[in-house]
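Taken in order, these protein sequences are the chains called A and B. Position one of the first sequence corresponds to residue 1 (the working numbering), numbered consecutively onward. Position one of the second sequence corresponds to residue 1025 (the working numbering), numbered consecutively onward.
In case anyone wonders, no lab produced these hints; they're calculated from the structure. We put the beta carbon where it would ideally sit given N, CA and C, even for glycine. Among the hints, a few may not be true.
[To be verified] According to the in silico footprint, chain B covers these stretches of chain A (three or more CB under 8 Å from chain B):
1. 48–59
2. 137–150
3. 159–173
4. 185–197
5. 339–347
Here is what each chain is made of, one letter per residue.
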Amino acid sequence: MATTTETARSEATAQVTLRIDGREVTVAEGTTILAAAAQVGIDIPVLCHNDRFDPVGVCRMCVVDVGARAYAAACVRPCEDGMEVTTTGTELEAHRATLTELLLSDQPDPREDPKETTTADNELLALARRYGVGKDSPIPQAAGRGVDLSNPVIAVNHDACILCDRCVRACDDIQGNDVIGRSGKGYATRIAFDFNDPMGSSSCVTCGECVSACPTGALVNKPINGVPIRPRSELRQVDTVCPYCGVGCALTYHVDDQRGAIAFAEGREQPGSQRRLCVKGRYGWDYAASPQRLTVPLIRREDAYPKGPLSSAVRGEMQGGADGRGQANGRGRKPGGLVDYDEVLPAFREASWDEALDLVARRLKEIHAAGGPGAIAGFGSAKCSNEEAYLFQKLIRTGFHTNNVDHCTRLCHASSVAALFEGIGSGAVSTTYGDVANADAIIIAGSNATANHPVASSFFKQAHRRGTTVIYVDPRADRLADHADIYCQLKPGTDVAFYNAVMHEIIRLGLVDEEFVRNRTSNFQALAETVSHYPPERGEQITGVSAETIRRVARVFGEARSAIIFWGMGISQHTTGTDNARCLIALAAITGNIGKPGSGLHPLRGQNNVQGASDVGLIPMFYPDYSSVDDPQIRERFVRAWGDAELDPARGLTVTEIIGSALAGGVRGMYMLGENPFLSDPNVNKVRKALSKLEFLVVQDIFLTETAEFADVILPASSYLEKEGTYTNTDRRVQLGRKVLDPPGQARVDWEIVQEIARRVGLPWSYSSPREIFDEMVSVMPSYANLSYDNLGLTGKLYPNDDPEHSDGTVVMFGDRFNTPDGLAHLVPAEWLPAKELPDDEYPFVLNTGRLLEHWHTGTMTRRSYALDAIAPRAQVFVNPQDAAEHGWEDGGRVRVRSRRGEIELELRVSHAEARGNCFIPFHFREAAANLLTIDEIDPFGKIPEFKFCAVRIEPAPAAPRAGDGHAAERATAEALSGAAAGGAPTGTAAGGTLSGAAAGGAPPGSEAGGAPTGAAGGGAGAR
Amino acid sequence: MAGTGARAPGREARAGRFPGPSLIPSLNDIQRRHGWLPREELERLARETHRPRYEIEGLVSFYPHFRTSPPPRVQIAVCHDLSCWLHGADEQIAALRERYGDDVEVEVREVSCLGRCDIAPAAAVDERPLAAAEVAQAVERERAEGHHGHERADGDRERERSGGKRAHPRFEGILRTPRQWPNDPYVGLGPEDRYAQARRMALGELSGGEAIAELKDSGLRGMGGAGFPTGSKWEIVAAQSAQPKYLICNADESEPGTFKDRQILAEQPHLVVEGMLCAMLTAGIEQGWVFIRHEYGPEEEAVRAELERARSAGLLGEDVLGSGRRLEIEVFTSPGGYILGEESALIECMEGHRGEPRNKPPFPGVNGLWGKPTLMNSVETLAAVPIILARGGAWWRAQGVNGGVGLKFFAISGHIEHPDVYCVPMGTTARQLIELAGGVAGGAPLKAFQPGGASSNFLGPDRLDVPLDFRPLAEAGSMLGSGAVVVIAEGTDLLAAATNVLRFFSLESCGKCVPCRVGSHKAHEMLTDALARGGDTGAIEPTLARLESTLRLCSICGLGQVALGPVMSVLALGRNGDAGG
């Protein structure tokens, strides 16, 4: 079943033979002289070219003599049969020296050169040294083209720019962001962003690909948090993987050991990400060095009971939500939006690890003893490693005999996984995102991939440019719409109708792959019957996409020789999420688009390890490797594998069900590892109530989260950067994350903490390393067979993998049969159903929620990253320009958004991406938590909440003075220019230093008796 | 497998970067509506076309035609290049700046060659060409008639309605009555007799192969400057199997001193159009364009009128003369810039990109407009085709003298008694041509001349008897180039003249490649500095020589390759100390 990405080039390429510096070389026709010379070890100097880019031949450094009137640029000139090429010699070298001299004449002094004073790898200066060219040249020197420091993390120095166009190609051809070009003409030409705007206020997404491409000091990284950027040789390199999204880009951190901090990051070669990074990966790593890290175990003070939210912002929201009218409490609404440590810490006291762990074990055991297995539940995290997730679920299952263990996959792709299991017997992707290069056509459905999977999206955009037809189906016309051949702005929640109509037309046109349907699928007739009721005209009626467009989509997709469907939360986060995914599976199957190169199903995974966490069993219905908990034979296998463990034969509760159970008094004790449901779960007012009701909550995290306000014990954990472990990306690539820094203070690595608790509840665990845990994990997971820490290598391996020593692993799955018992794909027809809460006169807008490029989930990491916070500092609601104009709402004005469940106040942003009647709010911002508004209706199969659809009302907010309104970039610009760049700590310094210092300061002696902040007591009262 | 976006070997990454339709027409449209390009309009254009903003910025900032600020009531453009400079352009510009410096309604801009070297110093008021001396009067008239920013929009709409870009009254009286020229086979015949060769070809009486053979026999070479044999060029494109193929008449003549194509377009548009029709019929091309510089408004009108006549005569349209052949010719008005005369830069412009020349190969004949085989000839070359096909290659060959082949148009300007366009036998000497044009102005002794436009090396009086032809001029250390003879009388500072020429190339450099972008600018700075310090070039000559050879050998296109040539030729001639001119 294994195939690889390498597709043999069938057409035989003609060969040409030429002589380069007297040496005969035979190469394929079309090979450049530069490449041919390299083959025989002849190195030609070059500035504007490197192997990542298609050539432009503008710097002329690589000119060679081909016997013509003028020289040819070797980087772009194809070899010809019989050509005589001279690449070196006094004359050629003299010209190269003159070219270097010309370029040098406008450069900054090397002592002040932005590149030479940081990474010291200025390629022009290297050539200047080689040719002995310096500032003593008779060519007039010049300067003054200007500096642009408006981007928080990238500095532009136009004097240092040699117009090699590498940044232009990096921005366009590699990342597809299309921001940088040439402006002006002749000597006055310079690189420009958009309409020659300051970089910081342009449409630049700060991926930094231009910086990595720039050979001179024109585009360089700025230091983050004052950690200077130095030559690589003076720093320690750690090859690891990005901690953010499911794309799992390989990167290298350059670590300053003197300062114990990362100086900068670079993309690393790996078959998937190919050295690319996005803003989060390249610039968003400094959260780990935040002064707000938890460094000591904390236990809630006696006087901080009864429990409730501690920070005033939250209490204000609680009141607002409780009476449904939203008396927004002005106190505590800080623009920074993070938990106010000053308010929360006084409710806790420091403890030793032993005291804290003993307390955790004792209370959980007591609750378990009193309430039975159903009284305990655990939320693991998709940000933790495979090993941590494996241990966590093993602890909950074997220590508390319950399957009440889940994680945020419930909030992202649970419905996709449900449909995939039902349809093809496997929840993982059937092919990699890189396989897009082999696809004739692709559908990107309900995915704002440029924000959520930026590097994967760069491959989509690149494929589009190379001829893949891109069909983009999403209610929001975000940046991908600019890269689509067909863009379908369907109405929210009408996906089933859309894809049914497409299938209707495919069947009508006879574009069904009859053979595939006959041999590889079942239930086609039922599907055909259902979609027969969805002619394109009806599709248009329901979806708003014209029948003509639906027909075009059908024809393009049906006629494609190979096609992939990528999808995101826009498909899954609906009450019809499973039905939506069923339609996509059926569409791929009836056109025969699974199991061959360039075809398949790819739900784009959100978190860096959501695939892995699910794989290793961090879900209530499956043991590791999707082994059903309710299958007695399977259970017996795990009973044995886990040392005669006592396992619960019933499925556990899901995330949303656990919240409901806690409210109802079922679940009474919880272990929360790195999850922050306070912000991430729908209808958070309900979540808050549930959390307050818990008898015992232990939160293991790296920051004081909103959820931790409700904790009895808080355990200081390690960030991604401080530990070793494996992570499985959206492609099924298992990669090794390596330790970069030491944990701060007494913080401990997570697997150790889990093991400590396990031992204290009586489990005989003695793991000595993540490697040992991985080996045990693999032993119970046939899909991961053959993988080990030793053979993952620097670039990880795809599973399944028969021979990890020699193979990257399986790209395309299901070449012969599916994982279902009968080996067939089960086509499951779905009828379109409207969303649960439709807009009406009182709540006329449809609210869509999701992520921003710069932020990650509840913002605990990203909002503590200098770069990410500077670029996207505050919550906004995105509204169509006509809607805004009609209501008189101004871009940047304050509005109040209200639903039947709560209300928030935030800035309005006029956005051409939104259709009329829709609005979008990112859910990262605690001070304007989108999930106060969302509805907690769930999909009946995947149990996933409807994050993408609820009815809201928007109205102008009561006037409140606010400093610094305006666009994020402007603020970033102002900060960068004023020199605030160096700071980066998001809040005041009170929380700085060690936690003990902050705690001591916040709770002076004697405060315990009656000096607890009034807020704490009030909050407690409010919670009851 | 996807792969339709594959690059042609050797075609660099940026060429054809934006595959969609050109945005230049949309920008023209916005500018027509507003008189300039407001940012909101550009943002809307980017959004609605799903094209990057930087692409629009790249175009708007590259082409001088586009404005990003509202226009003044009256726009004055004055040429400052060689022929005009020889006639006191600097003083005229200074005077106009003095006069209108405080006048917010009037904008005075120095511009590169307007192609009106015969009325030097040449100027334009709101795009209407005139002699600089007439500017003040024209400004007052414009003010009186209200041809300013807002109303211009109406004028432009009027042009659009009339099918032409420009309204008639503005150019009235500019074009002279056509004269009789020796290259016109229809002299003495009525308009209905024209297009005889195109008719023969359309009706199958003359095959493409025969036409190519005749052209080869004639020895006709490209008159745009490069001198590539025309018959071979047609043959190459005719042999290409890729479809569609395109024809472009390069009417973007913009080199200082050069205005012969302008006169051909004005007086013999029928020969140009017929040459194009013959080329299209020969090479299997349906679509052709006349790519004309925007400064040639009156001539563009003449071409458009001729195309209408050809259409009326059944020579353009879906079914030409019942042959079943479709032939279409459109006019593409250049958004400005000398560099667009370079064939690959011209193609980049037509595709909607910055007019930056491509690395070659591939050549346009194989991989041209939109990656398709593209036949490109200059105005003069195409205008020679009808008579060659009518009278035969041998007849054409016999027209030359001193070993030359055929007839040649020359524009002569500078210090000359009767600056104008002359059609003479190829091989005529410079002395004969200067005499034909009435001799050096005022009977002054000749100091030097450029025989082939701004990019040709200066020659001294000792070279007056060199035949004006490809090889003899090359052997004399210069070139036939664009057929523009610039005459410089004794008393002119040649170094200053050469520096003037270098400034032209430096300002017109597209900026794509390093040697031309930086080298031409730095060399100009060095020369300007030397001139300011009395003109001693001793210290900078070694550096200039070094730069010249690097520019000549390493630049992508001809502009950079020749930019420093004239300067070096002047240094070689030896500089005469006396200033002025």
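Hint by hint, here is what the structure shows:
no. : hint    : verdict
1   : 48–59   : holds (count 7)
2   : 137–150 : holds (count 3)
3   : 159–173 : holds (count 7)
4   : 185–197 : holds (count 10)
5   : 339–347 : violated (count 0)
The structure is inconsistent with hint 5 alone, although it conforms to all the rest.
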